[in-house]
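Participant: Sequence:
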Amino acid sequence: MAEIRIRQAKLYDVPAMARIERDSFGSPWSADEITKDVTAGGNVYVAVAECGDEKAGYGEIRTVAGEAQVYNIAIAPEFRREGIGEALLRHMIARAEDDGCVLVTLEVRGGNEAAMSLYKKLGFREVGRRKGYYSKGGEDAVLMDLDLRKIEVEVEVE
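Residue numbers 1 to 158, in this note's numbering, belong to the letters of the sequence shown in order.
Treat each hint with caution, since some may be false.
To be verified - Here are the simulated BS3-like pairs of lysine-lysine, each with C-alpha atoms no more than 25 Å apart in a straight line: (1) K10 to K36; (2) K131 to K121; (3) K55 to K10; (4) K131 to K150; (5) K120 to K131; (6) K150 to K121; (7) K136 to K150.
As the list claims (entries may be wrong) - Taking CB as the label site, the calculated pair distances span: (8) P77 to G42: 29 to 35 Å; (9) V64 to S30: 36 to 42 Å; (10) D53 to A141: 32 to 38 Å; (11) P77 to A31: 17 to 23 Å; (12) L103 to R7: 20 to 26 Å; (13) G138 to E67: 16 to 22 Å.
Keep in mind that the hints were calculated from the coordinates and are not lab data.
Built from N, CA and C at the ideal position, the CB exists for glycine as well.
Construct the complete structure from the given sequences, taking the supplied hints into account.
Facilitator: As structure tokens, then:
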């Protein structure tokens, strides 16, 4: 596999990100929604992961009052299980730390075992559930957090 490069997303990345989104989720965000986030600035940070010349995935966090929330991580099907999701998550945790955050939160579908396994590997813990939250399939939303004051995660920020 080619080296993974992670950087801040730009407008020209949106079409590839929208394709990854459609290939990853039953209720994908639109290209317009992704564009708004990529151009938002301020407390919104969108990262794109590249392998060679291809967009392999992307992630988004938002920060406010010392906390960061992971809004999305999506990996193109052809790049799954190659460590790209972990690299993106580590990158976003580092970004949150650089922004002075002490807590990272996220929400994940209860049935997404691969994602929950990754989050637990990096020190996230389950802190709650929203029963039947997802309209498609009635899955629970699992709420997780990572206290950055209690752990050390090896991360790199470009």
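Participant: State for each hint whether it applies.
Facilitator: Hint by hint, here is what the structure shows:
1. For the given pair, K10 sits about 11 Å from K36 by alpha-carbon distance, which is consistent with the 25 Å threshold.
2. For the suggested pair K131 and K121, the alpha carbons sit about 24 Å apart, so the restraint of at most 25 Å is met.
3. Distance hint between K55 and K10 is fulfilled; the C-alpha atoms sit about 12 Å from each other, no more than 25 Å.
4. Pair hint K131 plus K150 does not hold up; C-alpha atoms about 29 Å apart against a cutoff of 25 Å.
5. Taking the CA atoms of K120 and K131, the gap is about 20 Å. The hint holds against a cut of 25 Å.
6. Proximity of K150 to K121 is assessed by CA-CA distance (about 15 Å); at most 25 Å being required, the pair is judged to hold.
7. Only pairs whose Cα atoms come within 25 Å are accepted, and K136 paired with K150 is rejected, the gap being roughly 36 Å.
8. In this structure the supplied range 29 to 35 Å holds for P77 paired with G42, their Cβ-Cβ distance being about 32 Å.
9. The beta-carbon spacing between V64 and S30, approximately 24 Å, falls outside the hinted interval of 36 to 42 Å.
10. Here the CB-CB span from D53 to A141 is close to 36 Å, well matched to the stated 32 to 38 Å.
11. As the Cβ distance of P77 to A31 is approximately 18 Å, the hint placing it in 17 to 23 Å holds.
12. Range check, L103 to R7: about 25 Å between beta-carbon atoms, so the 20 to 26 Å window is met.
13. In this structure the hint that G138 and E67 lie 16 to 22 Å apart at CB is violated, the actual value being about 28 Å.
Hints 4, 7, 9, 13, counting from the list given before, are not met by this structure.
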